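With chain F's structure known, arrange chains A, P, U and Z with the ligands on it following the hints.
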Amino acid sequence: MTSTTLLFLVIGLGLVAWFFGRLKAAGLHTRGKGSRSVLHSLPNYHGWYVALWAIVPATIFMMVWSFVSPSLITDAALNSPAAAQLPQGGFARGAILSEARAIAYGHQVNAFNPLSQSMVTPYREAISYYQMIGAVAALLMVFACGVYAWLRIKPDLRARTKIERVTMMVLLLASLIAIVTTVGIFLSLVFETARFFSMVSPIDFLFGTEWNPKAVAGPRGETGFGAIPLFWGTVFIGAIIAMIVAIPLGLMSAIYLTQYAPAKFRSWMKPILEVLAGVPTVVYGYFAALTVAPALRDFAVSIGITSASSESALAAGVVMGIMIIPFVSSMADDSIAAVPSSMRDGSLAMGATHSETIKKVLIPAALPGVVGGVLLAVSRAIGETMIVVMAAGLAANMTANPFSSVTTVTTQIVQLLTGDQEFDSPKTLAAFALGLVLFIVTLLLNLIALRVVKKYREAYE
Amino acid sequence: MNDDKKMQESSESINMTDPATTGATSESGTPKMTARNVNVFYGDKQAINDVSIDVNMDSVTAFIGPSGCGKSTFLRCMNRMNDTIPIARITGDIRLEGDDIYAPQMDVVQLRARVGMVFQKPNPFPKSIYDNIAYGPRIHGLATGKEELDHIVESSLQRAGLWSEVKDRLQDSGTALSGGQQQRLCIARAIAVDPEVILMDEPCSALDPIATAKIEELIHELRGQYAIVIVTHNMQQAARVSQKTAFFHLGTLVEYGETTDIFTNPREEKTRDYITGRYG
Amino acid sequence: MNDDKKMQESSESINMTDPATTGATSESGTPKMTARNVNVFYGDKQAINDVSIDVNMDSVTAFIGPSGCGKSTFLRCMNRMNDTIPIARITGDIRLEGDDIYAPQMDVVQLRARVGMVFQKPNPFPKSIYDNIAYGPRIHGLATGKEELDHIVESSLQRAGLWSEVKDRLQDSGTALSGGQQQRLCIARAIAVDPEVILMDEPCSALDPIATAKIEELIHELRGQYAIVIVTHNMQQAARVSQKTAFFHLGTLVEYGETTDIFTNPREEKTRDYITGRYG
Amino acid sequence: QDQASGGQGGTRSEIRIVGSSTVFPFAKAVAEQFSINGANPSPILESTGTGGGMSLFCAGVGAGTPDIENASRRIKPTELELCQTNGVTDVVEIQIGIDGIAVAQANEGTAFSLTPVQIYKAIADRPFGEKNTAKKWSDIDPSLPNFAISVYGPPSTSGTRDALTELIMEVGCVTDSATKALKDSDKDEFESICHDVRADGAYIDAGENDNLIVQKLKANPNSVGIFGYSFLEANLDSVRGIPVSGVNPTYEAIASGEYPGARPLYIYVKKQHVGVIPGLSEYVQEFVNAGTRDGYLVKAGLIASPDSVRAKMSEVVRDMTPLKPSELK
Amino acid sequence: MQKRIAKRYAAERRFKAIGMAAIMLSAGFLAFLLVIMVGNGFRGFTQTELPVEIDFPAVTGGVSPSQFEGANGNANIQSMGLPDIVNSSIELQYGKDGTDLFSTSGWTSVSAMILADPKIVEQKTTVYLPVTSEIDVAYKDSGTPESERIVSKYSDQLSTGFNWNFLSNSDATDPMQVGIWGAFKGSLITMLVTLLLAFPVGVLAALYLEEYAPKNRLTDLIEVSINNLAAVPSIIFGLLGLAVFLNFFGMPRSGALVGGLTLALMTMPVIVISGRNAVKAVPPSIREAALGIGASPLQVVFHHVLPLALPGILTGTIIGMARALGETAPLLMIGMRAFIATPPSGITDPATVLPVQIFLWSDEVDRGFVEKTSAAIIILLLFLLTMNALAIYLRNRFETRW
Ligand SMILES: Nc1ncnc2c1ncn2[C@@H]1O[C@H](COP(=O)(O)OP(=O)(O)OP(=O)(O)O)[C@@H](O)[C@H]1O
Ligand SMILES: Nc1ncnc2c1ncn2[C@@H]1O[C@H](COP(=O)(O)OP(=O)(O)OP(=O)(O)O)[C@@H](O)[C@H]1O
Ligand SMILES: [Mg+2]
Ligand SMILES: [Mg+2]
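Protein chains in written order, with my numbering: chain F, 1 to 461; chain A, 1001 to 1280; chain P, 2001 to 2280; chain U, 3001 to 3329; chain Z, 4001 to 4402.
Watch out, some of these pointers could steer you wrong.
Unchecked claim - If you want the footprint, here are the derived chain Z segments under chain U, 3+ residues with CB under 8 angstroms:
id, region
1, 4113–4120
2, 4132–4145
3, 4250–4258
4, 4329–4338
To be verified - Chain F residues, not near chain U, derived (Cβ > 12 angstroms throughout):
id, residue
5, Phe186
6, Val235
7, Lys360
8, Leu450
To be verified - Pairs of lysine to aspartate or glutamate residues, derived as DMTMM-like cross-links and limited to a Cα-Cα distance of at most 20 angstroms, are as follows:
id, chain 1, residue 1, chain 2, residue 2
9, A, Lys1127, A, Glu1165
10, F, Lys360, Z, Glu4053
11, P, Lys2214, A, Asp1273
Derived by calculation from the structure, the hints in this document are not laboratory data. Since the structure is predicted, the reported quantities are computational estimates derived from the model, not experimental observations. Every residue, glycine too, gets a C-beta built ideally from N, C-alpha and C.
Isolated chain F, as found in the complex:
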């Protein structure tokens, strides 16, 4: 019996347990006061109570068993005489064993290594022996726990409360995954970052203005690991250029859609704009690099900026701005809609025109929400990698010239991690440090955004 069939068997028995639990509870069901049943919970809940008892412990046992049994099986197989011819230790021995095992399980038909064939029979025997043990133990557990729970069914058993408590635990666990992930991210970055900072001083890294990683420190001890240009590039593309494109377009789109557009137009236009956010960033990257960047460069040259390079902060920023228009517009949409309509009515009743009402009352009132939304959009923009990889180049320039090439943190992370440098060189480890700093920055941005949004919500409640 394989573990899958065993699992199905256990689940099947669980259903049987559910049935018996329900049956017993239904038998106890008599009318008490009024038409109310003497049962605390519906028979269904009693059924689930028994079923959970039957399934959960056995399943946990099976999981543990599936971790323990392979090595027991291998040990048993190695005790067979055929094992004597195996090479001692090493990958070859392991590979032969695992091949033999795969054949024994029927996952594989032919052996690449002839030695494997001899081990198949001992494996088969060991496997069926231990599978038998596991199956018997699991089934015993199903019965023991199921019967225990079944015996406990009484009219006043709070089966529903117990089931609900279990469900609640599951819900809580689901939301804890977010914290686990956050901690996981932190842990997966922090060790390499620490190694990096043991080679490069954090001060130089955080406040250095030159990003040009060198193998050895220069004459003035400069290492070229100054992250400021990267962060500047990130801010320049993601928070300045992209926002110059996205904020007016997004905000005005939201205003038009919420305040002026007929419902029909709005119901069509909104999803169309949302497609902008759904287009994969590789596509944007490709578009930016092959269409927008050359066009912008030609434009720059035609207006006399001869130094314009074809990978420009502007190209990446503009395309990124287009990408996040829907983020800004939907946030603005929400927060304008959240301004109580009594504000609008108040202003209109004073004799203000529609646009005056929007500009002087709605936008100021919605501003915190809009700002919160923009901050979230910014954190999305600064995390964007592909557009920049493809369109903005890799040159870490500290420049405010939008026609020159700059680079961003995420781009450099990709570049450093997929580069040819040895993995313990600071050049590779810097990627983790950049990642950690970026993570902390987005965390801060989010905390601010949350604060702002929360504060503004309270203003109307």
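Relative to the frame of chain F, chains A, P, U and Z with the ligands by itself:
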């Protein structure tokens, strides 16, 4: 958006029915506002059915009636706030000093400056007290300089009886005031653009008894300076503040007359039933 | 989640004050529900101040009082609906047939089946009329088969006076009914789980007069089968439907007694002022 | 401990290869050829960069680790050391061919020729110890054209960049005897002077294997690109090589060593996997065979190793001779 | 006064026009992007072909069609040396260097033809075989002088046909032979894993946070983490996947399982956030109604709130999935940036996904890949537009009004 919304039957409907039959009166002076044969529809549903009424300068007019009878709807027709509801449609004739307010050449922005409105829930803008009051004068260009604006703000607050309470904190946010103060702020805001008519839709229903008393007092003081229309659920309040009362029921104007008459000696059975709490 | 929420002072507070002083009565039979020295706090703010009251099986009890005086709050304590407000905290003792409803072993789910509630705004589930009614019996296991369930649905709708109107369209959505029908549907839904007490929080305030009359009639018919508590703003309604009236003011129970006494001959000055429309 | 899993999860039937993006296209062609008749399962080939690949390759022995590492540079002693501490005791090094570093410009650009010293002076951060101030090529040498220095070259993380510094910059740099002397006296200073590239915008980091670079050269006809030879060859209709020391970057010039920018490409094979992972030695054999003068890799832009090297490699492949740490100097 | 009013109305009109312009500009960008991509990409679905006449009986010396039927058909084609047959036919027709005109693996289409209709081995047939990518590029656009010369030489024989291989093949070196099936399947499997993990977890977490979570430190922490995760750069999820799933749990590299897990972590917060909004939009009166007749909090949520919130949750899920579908950066870190010529058949098989394939192809030296890249983009966009349309459909279909 609704600038081009206009009355479908304005020309033929004027003076078609005798106002006297539905109780519209014109005994004291020329009426400030007149409504004739007004019908309002929300989509297919008729909310106001052939209502004619006159509003005078020197009296406070109260609209009473059970919930959903169309009091607010009619009130909002009087300064075209109903324009903001896309499905609302209105026929009939409403005039402000003889000007048809639904005529195409009528500018709704100026109309609303002349006919101010105070809402059920106090709705100060989330700006400073000063800016709340100054908002109207600014957009209408009523003040030429800072002093003049200051003056308007001060006098409006004084007339709304709020000056002494807020004069030291004009820069505080309007939303930081208590409910009753906020409602008086809204009244002051309406006064600041120097309207001719003030419409109030249940101005006290969100307020506690003490704040209510203050507002009622204020209405007393404002009477005569502005034509005031007030919607209320509270018949005692109507009796206390108004000189004329209109009783609405299911979208029709059942009875309109002197407040004392309505409350002591109603002509209609329905009015009597409502006044005595038989329903509503 | 709030199973463990319990009364802080339950043991010592029972019978500490004489109910007579606050007007709690027990003249007609044993009371169905008793409340003693109940205090409710929303955060730091006290919303109910030392209220003691008895609710009887054979009479309809009306709670009246100005807005914000705590009527709804107190009502919601009676079937622990206040548990859903995290900042709400309650002390004192409320008993249903002698069982402390805030005792740890009290199952709030069963309590609410015994003490049903009807809300201000009709809130049918967006399901079919049948499923609206059948939902309660299903989760409480009141019916063992399809026929029994059908029977419960039919009799509940009949008792709520809705059967003739909806019997041909039980599979239509409950939200497709008119406001008054929806409210009767909600009453039928409450009846379907066979409660002992029905709490109604301004059940007619969102309804038109005709629907209101229907509901009042229904309350008359249900009297005696259930202990009924109704919150209302409308004193005439209280006078019409109730046998006992409790007047709340600023979180305290000012007066509690026979409805006729309260309306014709109130003991307290405050009650008289409110009844006569001096405020509120 | 379950030995059947070898700590790394059993065995597998396809070869796994990681490493340099420069070698990636060649390895891809070999992998395709290797499995073309369905004779062998198609290898899984990842482009991780040489460094990232090394860390995977050296993580240990077993099915969970790659069998082959593609490298655009030689393995570093520290990397070999790590391999060995992780149990990867026998690593076989095979030079599969040569990649030229071509200096190129758009066909429309003004043709000119350069020397290593001129390139060094144009792109070094501190040529011969002085801060680089050259803005135009003519600032370096009046005979060069009078337009701004704008060089698209590999980023500092890339293997092509290492080759650029070693094969061209250092060559230009040691023409100065004072600087050359530093090599023994102050190695750090020497490397700083000879290897550091200017960061003032005249040298622009660009991806190495990137179609975009051609577009960029076409768009800026007066700029110079530095990239792998295979790339030049594929785009001869739009870019042309710039002669370095009078030698054009052609196949013959690079293969013969006449052209200065030429670097060997390697693959590293985990000997412990040979005979365990099916087809591993056949794949390596195929790779070596494909790298001859008329093999398909040469059509794809690889430059075949000199015959002497090829002969040696055949031997290494036949015997699977592991690399000795001492060979790495 | 009148002048002032006129000015105010002018401002009003201006403002409205600006709003309209903003929308049109945004929509215009989208249209432009789509037009450019389609314009570049549609040629990727076609291939340039030259006719080759194969006289099967002559070159094979007569084989029976029956041996190519059934399960052994493929093996028998292998053994009959089809590439040589095809090459010799080409040389017969186009001379000694004729094979240089054709894409090297053109014989595979002949093989497919034989398998589809074994009878053709008894006759003389004309097959259209794809030319080399240089000639293909030159014919469709403009190429090297050499290939342009060839194009003009054979101009009356060259034709374009639909490139079915593009839909059924996987990655390859020769742009004439590449296909997106492998990457498409990889995307499909990866998305499935992502959906199966992120959807339940996201929905449960949303329900917990919106309906039950007590106001305490832990809840705040969860809330901040979720909001932050929704904004964390995707590349960082790649680093997480590398460290946790590959290095710590030792899952198989490059597999759809790890890709799906990583993307699920990335998508989950999006689902939680949209799920919370959907749950919030369910009116509290429904909850009160259910509580009021004695439903337990869990019953309230699972009987009433969840069904009503589901359309909203689903739309949010699809949006989140769409983002995951287009994601490249995290997958580079976990080994899915790879040349994988066999489509995956399970969650642990090495796989690559559409956006990664696009990224890899855009980096290819061969010019023939340019249009293939755009063609793959079209496929990806179609995939996405389908998902978006589904989201809109769900939103409109199940939107409940209270
Ligand atoms: N925006 C709207 N759309 C559709 N119908 C509406 C709208 N506003 C009001 N109605 C309907 O018009 C009728 C009159 O409503 P209105 O608000 O004028 O009543 P009211 O007398 O002010 O009631 P209340 O005392 O509750 O404020 C009602 O039946 C109402 O349902
Ligand atoms: N959820 C809550 N949180 C905080 N304070 C509350 C809450 N609900 C009610 N209150 C406050 O408790 C007091 C009593 O409110 P309650 O709703 O019980 O009054 P009410 O008598 O029902 O008024 P109404 O007639 O307007 O319904 C009020 O001051 C109110 O502001
Ligand atoms: Mg109203
Ligand atoms: Mg209330």
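Each hint, compared with the structure:
no., hint, verdict
1, 4113–4120, "violated (count 0)"
2, 4132–4145, "holds (count 3)"
3, 4250–4258, "holds (count 4)"
4, 4329–4338, "holds (count 3)"
5, Phe186, "holds (21 angstroms)"
6, Val235, "holds (19 angstroms)"
7, Lys360, "holds (46 angstroms)"
8, Leu450, "holds (36 angstroms)"
9, Lys1127(A) / Glu1165(A), "holds (17 angstroms)"
10, Lys360(F) / Glu4053(Z), "violated (78 angstroms)"
11, Lys2214(P) / Asp1273(A), "holds (17 angstroms)"
Checked against the numbered hints listed earlier, the structure breaks hints 1 and 10; every other hint is satisfied.
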